[in-house]
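Chain E is fixed; fit chains S and P onto it per the hints.
Protein chains in written order, with the numbering used here: chain E, 1 to 325; chain S, 1 to 322; chain P, 1 to 320.
These are computed hints drawn from the structure, not numbers from a lab.
Don't take every hint at face value.
Example chain E residues on the side facing chain P (calculated, C-beta under 10 Å, incomplete) [to be verified]:
1. GLU49
2. SER50
3. GLY51
4. GLY157
5. GLY158
6. SER188
7. LEU194
8. ASP214
9. LEU215
10. VAL217
11. ALA258
12. GLU260
13. ARG271
14. ARG293
All C-beta atoms in this analysis are idealised placements derived from N, C-alpha and C, irrespective of residue type, glycine included.
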Amino acid sequence: MSDVILRVDNVTKNFSVRRPGRGGRSQIQAVGGVSFEIRRGETLGIVGESGCGKSTLARCIVQLLPVTSGTVEFNGSPLTGLSRRQLRPHRREMQLVFQDPFASLNPRRTVADIVAEPLRVHRFGTRSEIEARVRELFTLVGLDVNSLVRYPHEFSGGQRQRIGIARSLALNPQLVVADEPVSALDVSVQAQVLNLMAELQEKLGLTYLFIAHDLGVVRHVSDRVGVMYLGELVEMGPADPLYDAPLHPYTEALLSVAPELDDGRARTRERIVISGDVPDPADKPSGCAFHPRCPVAQDRCRIEKPSLIHAGDGRLVACHFPRRR
Amino acid sequence: MLGFIIRRLISAILVMFSISVLVFLIFFATPGVDPAARIAGRSASPAIIAQVRHAFGLDRPLPIRWALMMDHLFIKQDLSSYVNIGSRVVPQITQAAPVTLSLVAGAAVIWMVIGVTGGVIAAANRGKFIDPVIMFIGIAAVSVPAYWLGEVVNLITQGGLHHSIFAWVPPSGYVPITQSPGQWALHLIMPWLTLAALYAGIYARVLRAELVNALNEDYVRTARAKGLSERRILIRHALRCSLIPIVSLFGLDFGALIGGAALLTEVVFGLPGVGLLTYTSLQNLDLPVIMGAVMYGAFFVVLANAVVDIAYAFLDPRVRIA
Amino acid sequence: MSFATRAGVVRAVDGLSMSVGRGETVGIVGESGSGKSVSMYSILGLLRGPNVSIEGRVRFNGQDILGRPDRELRALRGKDIAMIFQDPMTALTPVYTVGWQIAEQIRQHTDLTKRQAHQRAIDLLAEVAIPDPSRRVNQYPHEFSGGMRQRAMIAMALSCEPSLLIADEPTTALDVTTQAQILELLAELQERRGSSIVLITHDMGVISEVADRVVVMYAGRPAEIGTRQEVIREARHPYTWGLLGAVPRLDSKRARLVTIPGNPISPLDVPPGCAFAPRCTYRHDRCSDRPPMRGTDHLDACWLDDAEKEQRRAEIEEAS
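So here's chain E without its partners, still in its complex pose (with noise of 0.2 Å):
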């Protein structure tokens, strides 16, 4: 299949504690066999509330953290196990976005250099080339060029996170691996920067993987869904059916408790509100990690882990009994 851009199969992703108490070091699962595909062009979603590994997914898949185990194809050649040099090439292919506009830009560089950085890590021309890029891209993010020697702390938060994804694009690449690009923003720039990132794509023919805690932002931005539960995958499927109907019961819950606008139309969901935290990542429940807190939770469950199966119409959901409508 040409048209896969990234391959992530049975990506697994420990780290190594030290237990307070306990003595000795333990490992805890951050990530724990996840596999899906990318397709040239499209928007895979990811979502899950804090501490579901989505977040370190995004790194691995970057080669930020090296794997455990499991292995992350980009345009078809591995990524796992490459060196630094070796994963240079494909290092200006895809790109991470960041959270945190305030963090992610060096307070005592001018926004033009840090658009410019990547340009020149990588060797992309002369000075007058590189400048005349940068401009290119503020134009292209809806930033005033006349701003190019301004300090990143000048900027507002939705502007700083332009300038982030400014620098991302400077060296066009296919993928962009967004990390939640816009849970620090306000509404109305929320929906600048998504907006932005949707004109973006459509104009240079973007692949994104979106990472996000807000199920709504998610379903507005992705083609595919992807739910992620203490480290792995528990469903995915395209993004319509998968919000109007859910197969696995944590996504079930999940989309009846988030907030909806009160717009007059009658509630479709009942709302579910599951009980008890997120357990401990060190401490992964035995077969289906949700079944603590799954209100049809059986035996079987207890037991036995589900794994992600098809069911039809592009969807897989890892639940041995998947809600049925």
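Only chains S and P this time, still in chain E's reference frame:
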């Protein structure tokens, strides 16, 4: 918790061991330093030097020499000075230690009381007149060198005014507490104040900064929303959290001062403490005394570090499980 | 309860008049710098310092409370009016147990003994559904998860049976499932105790789930006030339209989100006239004068006339 204390103490012992090896290597195994020649005296013949070397075990391998040294220093406690043959190292230190301890402990009480009070008053009145006044006094106290301040104090109390308002100040020197507690305190009051001035200044400034930060914390807003009085918020909430770094600072300063860092104050006021002992032994290159004094100083610094870490665990519940 | 405040030389809050009925939930919504938190802090005397000044009138249970000496306000705070805050991580003092902190508030306002206050803390933790409360009461805040900390904060706020609870972004730092638990808990407690709630949030969705009435704020000024249905279904102010349109929906995908151009302004540089005018698509000549809040129950500060508002809103709905 117990496991934490044991682990911390073991690491302290390891640090002590490393320091003893390091100090030993510096003073006894550096090229150009021949302890035997120093012991034998200036005009000794090579034969005598060789004899001395053998007698003191200086011709044995380094690890053995280190072990012998430690044996003499800590177990037999009969290590003797190379310069004043016959005077033993350990008694010298045990004689000097109470002097230093008296000086530092008294000063510590004074600087903690003044520093904490000053810091709290400044923080409580930030933005008002009193705050910069306290902070200015603090920076002045920090900037004045201890020996200069000591000399000035001496000049005033022992000089022209000695026969009028400062007649109660005894001449410099030390009186053991066992002999006369009153005289002990009277002799130490000026050294205490001199030594405490610097630290009180530092502590007041550090505590004020910590308190001002703490007063902007969310939990202080919560405390206000609970309807607590400003005084209670300041003392029970902000100060309680701000004291944590102060305690660690205190432990380290206290350890270093006991270990000999109060040298200048001791010299100025003629107090025969560990600082003075180290100072003279360094001037004479009296290797065993240096060794003993450094080990003694290191012991207190390392001990203070361990105590601070353990105290931290009691003060800050977040550290307890980590 | 009604008030109009103005704080500082920078008018962080300017000309806000609102009321909260008994047992009612009023939502205050706005973006950063809209003055939504400041307005509530200032009436309780939580903003202090020589640079803060407040004008206007605040009545609580029929009594004027603005400008009362701190001693009197203190007796009110935590007892009749309680607050919970956004970040339960930092809102509790880290060096005391959760139970100690709850008991501290109880002992501040009642004559209970230490032991009684401790027992009351356990009961309160049980009431907010913290499992194993007699063990949890002796734990430190860092031993609680985010959701549990917020429950503990709520337990503390409720300890003296306040008639008004001010919740400042109580669920913003929490995950969706935890947010649902907390909102449900608040609703349940309100029903049981009949207290009023002022909920400050930036999230239109949350407002829409829980508020009876809504105050939309922009740059320290109220833009629109009305019942939830009025503000969310029949919004009259262009800023409210923008806010509503900018929220991505769960139930259907829109091609593009409605956006408000530019950034939320800081109260430092509010322009003369209508504060929202520089970002407003429907700006016209009259906007150089400051629009008053107009209407009877459903109020808004916009110069457009009612027919035009109705038409514009219909257009926007059509487009999305």
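The hints, checked one at a time:
{"no.": "1", "hint": "GLU49", "in the structure": "holds, 4 Å"}
{"no.": "2", "hint": "SER50", "in the structure": "holds, 6 Å"}
{"no.": "3", "hint": "GLY51", "in the structure": "holds, 9 Å"}
{"no.": "4", "hint": "GLY157", "in the structure": "holds, 8 Å"}
{"no.": "5", "hint": "GLY158", "in the structure": "holds, 6 Å"}
{"no.": "6", "hint": "SER188", "in the structure": "holds, 4 Å"}
{"no.": "7", "hint": "LEU194", "in the structure": "holds, 6 Å"}
{"no.": "8", "hint": "ASP214", "in the structure": "holds, 7 Å"}
{"no.": "9", "hint": "LEU215", "in the structure": "holds, 6 Å"}
{"no.": "10", "hint": "VAL217", "in the structure": "holds, 5 Å"}
{"no.": "11", "hint": "ALA258", "in the structure": "holds, 5 Å"}
{"no.": "12", "hint": "GLU260", "in the structure": "holds, 6 Å"}
{"no.": "13", "hint": "ARG271", "in the structure": "holds, 7 Å"}
{"no.": "14", "hint": "ARG293", "in the structure": "holds, 8 Å"}
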